[in-house]
Amino acid sequence: MRADGNNPQPNSKIKPTFLRRILSVFIKAVVLLMLLFVFDRLLPSISQHTQSFVLAKWQQLSLLQQPRPTENSLPSPLPTQHLTDTWGGARSQGRTHEGIDIFAKRGTPIQATTPGIVSKVGENTLGGRVVVIIGPGAAGHYYAHLEDYADISPNDWVNAGDIIGYVGDSGNAKGTPPHVHYGIYINGSAVNPYPLLQKPDS
Numbered sequence: 001m002r003a004d005g006n007n008p009q010p011n012s013k014i015k016p017t018f019l020r021r022i023l024s025v026f027i028k029a030v031v032l033l034m035l036l037f038v039f040d041r042l043l044p045s046i047s048q049h050t051q052s053f054v055l056a057k058w059q060q061l062s063l064l065q066q067p068r069p070t071e072n073s074l075p076s077p078l079p080t081q082h083l084t085d086t087w088g089g090a091r092s093q094g095r096t097h098e099g100i101d102i103f104a105k106r107g108t109p110i111q112a113t114t115p116g117i118v119s120k121v122g123e124n125t126l127g128g129r130v131v132v133i134i135g136p137g138a139a140g141h142y143y144a145h146l147e148d149y150a151d152i153s154p155n156d157w158v159n160a161g162d163i164i165g166y167v168g169d170s171g172n173a174k175g176t177p178p179h180v181h182y183g184i185y186i187n188g189s190a191v192n193p194y195p196l197l198q199k200p201d202s
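Heads up, the sequence shown is in our numbering, so the first residue is 1 and it goes up one at a time.
Calculated from the structure, these hints are not laboratory results. Do not take every clue at face value.
[Unchecked claim] Label pairs and their in silico Cβ distance ranges:
#: 1; residue 1: Val54; residue 2: Leu23; range: 26 to 32 angstroms
#: 2; residue 1: Phe26; residue 2: Glu123; range: 22 to 28 angstroms
#: 3; residue 1: Leu36; residue 2: Ile186; range: 17 to 23 angstroms
#: 4; residue 1: Pro177; residue 2: Val38; range: 53 to 59 angstroms
#: 5; residue 1: Pro154; residue 2: Lys174; range: 21 to 27 angstroms
#: 6; residue 1: Lys199; residue 2: Leu55; range: 18 to 24 angstroms
#: 7; residue 1: Asn124; residue 2: Gln60; range: 19 to 25 angstroms
#: 8; residue 1: Val54; residue 2: Phe18; range: 49 to 55 angstroms
#: 9; residue 1: Asp85; residue 2: Ser189; range: 39 to 45 angstroms
[To be verified] Once the Cα atoms are required to be at most 27 angstroms apart in a straight line, the calculated DSSO-like pairs of lysine-lysine come out as:
#: 10; residue 1: Lys199; residue 2: Lys105
#: 11; residue 1: Lys57; residue 2: Lys105
#: 12; residue 1: Lys120; residue 2: Lys105
#: 13; residue 1: Lys174; residue 2: Lys120
By construction, the Cβ of each residue, glycine as well, lies at the ideal position given by its N, Cα and C atoms.
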């Protein structure tokens with residue numbers, strides 16, 4: 001007498017277990033491939049972000065060690081325009097002028113006077129459209145009343161002579177002849193930029 005009545009049961013259990021294992025391995029492989037794909041896509045941007053951060057910090061440290069501007073050491077932001085010392089002139093609300101105004105045709109390109117890191121590209125009430133660059137010795141260079149910005153963003157590095165914006169009359173200069181207000185700030189205090197700028201007509 002053949003005792004084969006128990007044979008179908010083990011076979012029926014083996015097939016579902018085998019299929020489950022194959023399905024489990026397949027799902028794990030798909031998940032792993034998806035993770036590898038995502039990691040592969042993210043890694044270049046993470047690496048690039050890290051490199052940009054390290055470079056920006058190195059540039060900041062380098063700027064801190066460089067000397068601040070001295071008399072006649074800076075090129076004018078509008079090299080062909082006449083410079084007038086308008087520092088200290090009376091302004092509204094009892095203020096005094098903390099910079100100089102350089103007049104030019106609307107849309108004239110404005111050049112950075114120094115190498116440095118772009119700190120701000122945006123607007124404020126008085127200055128309208130402004131750009132701030134942190135230069136050597138951590139001096140802040142402030143360009144205001146712009147018509148528009150050049151293709152720059154905060155944390156960008158600029159060199160002296162790079163275009164950072166265009167002459168306008170934004171902010172509280174609306175309706176006045178187009179010009180750029182240029183200011184320099186050292187340790188948070190405004191200093192007269194006029195003596196520090198090279199005079200194109202001298």
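inquiry  = For each hint given before, does the structure comply? Return the numbers of the non-compliant ones in rising order.
reply    = 1, 2, 3, 6, 9 and 11
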